Structure formats: C-alpha cells, structure tokens
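Given the coordinates of chain W, work out where chain B should sit on it, guided by the hints.
From first to last, the protein sequence lines are chains W and B.
Under the numbering used here, the first sequence has 156 at position 156, and the numbering climbs by one with no breaks.
Under the numbering used here, the second sequence has 267 at position 267, and the numbering climbs by one with no breaks.
It is worth saying that the hints were derived from the structure and are not from the lab.
On a predicted model such as this, the values are computed, not experimentally measured, just so you know.
For every residue, glycine included, the Cβ atom is placed at its ideal position computed from N, Cα and C.
Below 30 Å or equal to it, Euclidean Cα-Cα: the simulated BS3-like pairs (lysine-lysine) are:
#, chain 1, residue 1, chain 2, residue 2
1, W, Lys112, B, Lys375
2, B, Lys55, B, Lys319
3, W, Lys112, B, Lys428
4, B, Lys375, B, Lys428
5, B, Lys55, B, Lys10
6, B, Lys368, W, Lys116
7, B, Lys40, B, Lys244
8, W, Lys112, B, Lys368
9, B, Lys82, B, Lys55
10, B, Lys82, W, Lys26
11, B, Lys259, B, Lys415
12, B, Lys375, W, Lys116
13, B, Lys244, B, Lys415
14, B, Lys41, B, Lys78
15, B, Lys192, W, Lys26
16, B, Lys199, B, Lys82
17, B, Lys259, W, Lys112
18, B, Lys199, B, Lys78
19, B, Lys41, B, Lys82
If you want the ones that stay clear, here's a sample from chain W, every Cβ over 10 Å from chain B, calculated:
#, residue
20, Val20
21, Lys26
22, Glu28
23, Lys112
24, Gly121
25, Gly124
26, Ala125
27, Ser127
28, Gly170
29, Tyr171
Here is how the chains run, residue by residue.
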Amino acid sequence: MSGGAGTGHGAEGEHQPVFVGGARDKLEALFPRFPTRQACLLPALWIVQEERGWISPGAMAEVASLLGLTPAYVRGVVTFYTMYHTHPVGRHFIQVCTTSPCHLCGSDDVVKALLKETGCGELGATSPDGRFTVIEVECLGACGFATPILVDNDFIESTSPERVPGILAGYR
Amino acid sequence: MGYPHPSHPKETVVLSKYFGDAAARTHQGWVERGGYEGLKKALGMTPEAIIEELKASGLRGRGGAGFPTGLKWSFMPKGDGKPHYLCCNADESEPGTFKDREIMRWTPHALIEGCAVACHAIGAETCYIYIRGEFTDPWAVMSTAVAEAYAAGTIGANAMGSGTRIDIVLFRGAGAYICGEETALMNSLEGKRGNPRIKPPFPAAAGLFGMPTTINNVETLAAVPHILNRGAAWYKALCLGNPKSTGTKLFSVCGHVMKPGNFEITMGFPMKDLIYDLAGGMRPGRTLKAVIPGGSSVPIMNRQEAEAALCDYEGIVEKGSMLGSAGFIVMDDSADIVYEVYRLAKFYAHESCAQCTQCREGTAWTTKILERILKGQGKPEDLALLLELSEQMTGKTICVLSDSCAAPIVSGIQKFRSEFDAYLRRAKAPVLAGA
Numbered sequence: 001m002s003g004g005a006g007t008g009h010g011a012e013g014e015h016q017p018v019f020v021g022g023a024r025d026k027l028e029a030l031f032p033r034f035p036t037r038q039a040c041l042l043p044a045l046w047i048v049q050e051e052r053g054w055i056s057p058g059a060m061a062e063v064a065s066l067l068g069l070t071p072a073y074v075r076g077v078v079t080f081y082t083m084y085h086t087h088p089v090g091r092h093f094i095q096v097c098t099t100s101p102c103h104l105c106g107s108d109d110v111v112k113a114l115l116k117e118t119g120c121g122e123l124g125a126t127s128p129d130g131r132f133t134v135i136e137v138e139c140l141g142a143c144g145f146a147t148p149i150l151v152d153n154d155f156i157e158s159t160s161p162e163r164v165p166g167i168l169a170g171y172r
Numbered sequence: 001m002g003y004p005h006p007s008h009p010k011e012t013v014v015l016s017k018y019f020g021d022a023a024a025r026t027h028q029g030w031v032e033r034g035g036y037e038g039l040k041k042a043l044g045m046t047p048e049a050i051i052e053e054l055k056a057s058g059l060r061g062r063g064g065a066g067f068p069t070g071l072k073w074s075f076m077p078k079g080d081g082k083p084h085y086l087c088c089n090a091d092e093s094e095p096g097t098f099k100d101r102e103i104m105r106w107t108p109h110a111l112i113e114g115c116a117v118a119c120h121a122i123g124a125e126t127c128y129i130y131i132r133g134e135f136t137d138p139w140a141v142m143s144t145a146v147a148e149a150y151a152a153g154t155i156g157a158n159a160m161g162s163g164t165r166i167d168i169v170l171f172r173g174a175g176a177y178i179c180g181e182e183t184a185l186m187n188s189l190e191g192k193r194g195n196p197r198i199k200p201p202f203p204a205a206a207g208l209f210g211m212p213t214t215i216n217n218v219e220t221l222a223a224v225p226h227i228l229n230r231g232a233a234w235y236k237a238l239c240l241g242n243p244k245s246t247g248t249k250l251f252s253v254c255g256h257v258m259k260p261g262n263f264e265i266t267m268g269f270p271m272k273d274l275i276y277d278l279a280g281g282m283r284p285g286r287t288l289k290a291v292i293p294g295g296s297s298v299p300i301m302n303r304q305e306a307e308a309a310l311c312d313y314e315g316i317v318e319k320g321s322m323l324g325s326a327g328f329i330v331m332d333d334s335a336d337i338v339y340e341v342y343r344l345a346k347f348y349a350h351e352s353c354a355q356c357t358q359c360r361e362g363t364a365w366t367t368k369i370l371e372r373i374l375k376g377q378g379k380p381e382d383l384a385l386l387l388e389l390s391e392q393m394t395g396k397t398i399c400v401l402s403d404s405c406a407a408p409i410v411s412g413i414q415k416f417r418s419e420f421d422a423y424l425r426r427a428k429a430p431v432l433a434g435a
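If we strip away everything but chain W, and leave its shape as in the complex, we get (with noise of 0.2 Å):
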C-alpha cells in the first residue's frame, strides 16, 4: 500500500504496515457493506488489534489514510473505546467485571487472586514475565454467572477465587 503508512511515530519504532495481504483483504471486503469508508473504522481497529496486540500511532496513521481520515481523528475514537489498547499489553489481556451484581456476588476476590496468581500486583499493570495484564472492566452482560472474566477472547463464566489458578494454567 502507499500513502499514510509509516507516517507515524510513536512507542513502536519504525511502522511496519498492517494492511497487507490478508488483513488488507478483510478490511476492503468491508467497504461494501457500509454507504461510507468512515464507517469501516471500528472494524479496521479491531482488524489492526488482532494483527498487532495493540493499536499504535503508525497504525491509526495508516488506517487514516485508508478511510480518508485525519491521525488525530482516528486518535479520538481510539480513545473514546475501552477494549483498544493504546500501549501494549500482556500476551493474554484479562478483564474481570466488579460493577455491582459481581461486587454483590464476591467479585473483589477474584480480582485479589488474579492479580496474586498472575503476578500482575495492580490493576492495569503487566505481569513481570510479560504474560498477563489484569484490568477491571464495567459491567459485562453476564451478571447471573457471576463473577465472568474475559480472558483474551474467551469469556468465561462463573469464576471464583478458587478457580482462577485453574483458570489461568491454560495461559501459561
């Protein structure tokens, strides 16, 4: 491809551009299902997401160009959705619900025995072998199998503390 690609300058060093082969393929086999490009630009993210792990200023540069957008514009509505990571993040991404019906159902110590068991320590923070990053997310839509986790792209239900280093041996 040619023109934004590589404009961007940001934590990742020289941009390496997504949108080829077959990440290219998937994003024009987009373009006609919508009236508009713009509106290719939440499934173009989630396309760069699943290629790069995250979504750095050379990819919102790039997908800029493609849609006919400015950086800073895609830079806004990056930012505006929780799931697109800004920064890198752990090899697996593990989101634990704790907004009330959880909370009600013990959801504090399954966060307590992820971040022990991952070794993360905090919140939003990478465990040291690089493996895990923990953050607590708002209401997950599955608040009668308290407490649900999405670990990467699988959701599971019903967790407890005693599960969790069940849970997470299938990560390591």
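Chain B only, in chain W's frame:
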C-alpha cells in the same frame, strides 16, 4: 456454554423455548422447529399489514424505554426514495441485564428472522446488528448463523425467493456502555465516538448515515415472528390483566438469589413469585433488602415495594421504580446500600461520554462524595449535596445517562438514609481505605 436451569412451570416459554438446545442454533434446526415461517408469512404481507398486526399485539420495546413497536415502525417515511436502515441494538451493557446474550447464543436465527421481518416492514434493505465488543460467544454464534442464512437464500438479494433484498451485517462494538443509547450507537456505526445526538431529528427522519432508521432491541425483534405466526390476539392475551403491557418478557435476575438466571414470564407476573419462587429466593438465613429492577438505571425498590409489585411497565412504576430492561439486581440484608450506590455511580462516571457538563461533572462528583463517605470522611452536608447534584443531573442532558446515575443515588438516600447516616456519624467503620 451451558444453560443453568430447566424452565420453571410458572414460566411461559416463547422466546426461551430453545435455550439450551444446541441444535436450534443451526439454520436447519431452526427451520425444523418452525423457524422462518413468520418471515415467509411477512414477505407475503404488505408492510402496512405487518405494522397493524404489531400495533394490535401491544408489543413494546424491550430495551428499556417500552415504546410501542408497531407505532415506531409506522413513523418511517413511505415512498421517499431514500435508503432506509434497521439497527438492531445488541449492545447489552445495562448492569443486571443478560437476556439478549442468551437470545443470540441459543436462538440466533430467531433474531435474524425478526430483523428480516422488520426490514420488510420498514422498507430497509440493510440491517446492522451492533453487538457489544465483549460478547465474543454471541458474536461467533451470530456470525455462523448469518452466513448460514445467506447460504440458504433466507436473506440476501432475493430473500426466500420473494424478490426482496435483505442484507444483515454484524458490527462489533469496542467497549462503551453509552453505545446502547440509540443515537450513540448510530454514531459508533458511522465510525465516530459514541456520543448521543440531540433529538429531534428522530431516527425515523434522520438516523444512521442521515437516512430514515428504525432501531430495536434484540428481544423486541425476536418476538416479532411469533406474533406473525400466532396472531396479535394470542400475544395480547399473554398478560395478567393490564392491556398496556402484553406478551412475555425475559427477566434477568442476579445478585443475592439462590438461582440467578433468565426467566420468561407473562407481563404482570408478581415480583414476589419471580424472586422467591423462580429465582429460588434468598440464601439461608438472609432476608430481602432491596431490588433494582430495570437494570441499574432506575430507582431502588425496598422490600415492601418489591414484594407488592407486578412485573410490567405500569406495575413497577406504581411501586416507585421502572421496568427498564428488566434486569433485577437483588440485594439481601448483607448488602451495603451505600457501597452499591457508590459502585453504580462509579460505573456511570466511567461510562459518561462527557459531552454534557451536568453528566461529566455530576457523575464524577457524586462518585467522589460517595467515596469519601465510605472512607469515613463524609461531611454532614453531603447528603443534601448529593440530592442537589442529582437534581441538576436529571432531565438536563442530551441522553439519560446522568439521570440513570441520579436514580439509585436519590432513591438510595430516600429509602435507606440510616445506612448513609451510619457512615456520616462514624457509627460504621469505613469500608474504603485511603486518605
């Protein structure tokens, strides 16, 4: 993915009939269970006839506002020559609510069928189903189902051989409660920040991409084929005496109950039976303290109100709250109302899109005040300040997020004032640490 409980004899299973039945997820399995008969029927009807049938059924929106569905569809312009759009709101994020997730996980074709019927009725060729980003399982199930429906010719350029074009496109959200607000959802779909829009114009006049748009909740759309199959009179009769609230509804019950889950009951069902019988009641030795019935955005009900309420739009208003999305957060006598109100305020502060001052400042400020109360640093004037802020947060903003934050705060103080006072008088030990 498993389903936690078999149907209770007091449930009236229509939407949830095949929850837990994995074979119902496939196109073929859905057809074998009578699926797509409603769509076939709809494609042979005029849009006007479908809308009249829906109006007669009394179906009201299941996302929270309870607006009559047939009436909403009738607002779409006719013969305007513009593209029309249908949006399906599958951004289920209201704390306490987890019903749309089950519809999508177990009966994806019920939703596709409902969307296709709605497209025909409002003259839309394209339906976007906006699924919250965290719903990875529903996304996977829906993706497979949409592909199957295209492959079978049920939707696409010539839906069921009718000559009508119906496209269904799935769209993944990226983590924002506010995108469940209809105009924020449309902005998000257009590739923008999820800021709600000022109304008017209403979506039927200028919605998605500036074109006439109808937006409906997952559960509302899933109910539509049943109404066409079995008739408006059948649906309307599914209520316990109140003709303004008809049909069955999925009630999500969570928190301090023995059997949390979704229960499908006819409108007007006694709340007492829902909590104590269907949801298994309280844990041993515990008593009911409070219920937030509408998802978290409605006033808290105390035990007396909850035990006397009937579960429909009017019945819950009569007892001091609102039905909303029917996500019941149940609290027993071990719950700390002050903490739970604080936790909800923190939720709204996190989720405010920050466009309106009253909301941006109000949600953060009320959270801060509640936090200091829980730290044992509350001031005598704090409750009056919370009530004054809540007043300024109600009815003054583009959308109702800040009203939603105020509702549990005001009702919490009104109905459980002694719990707040205990922290303020330092009679109760602080539960939050920090300076």
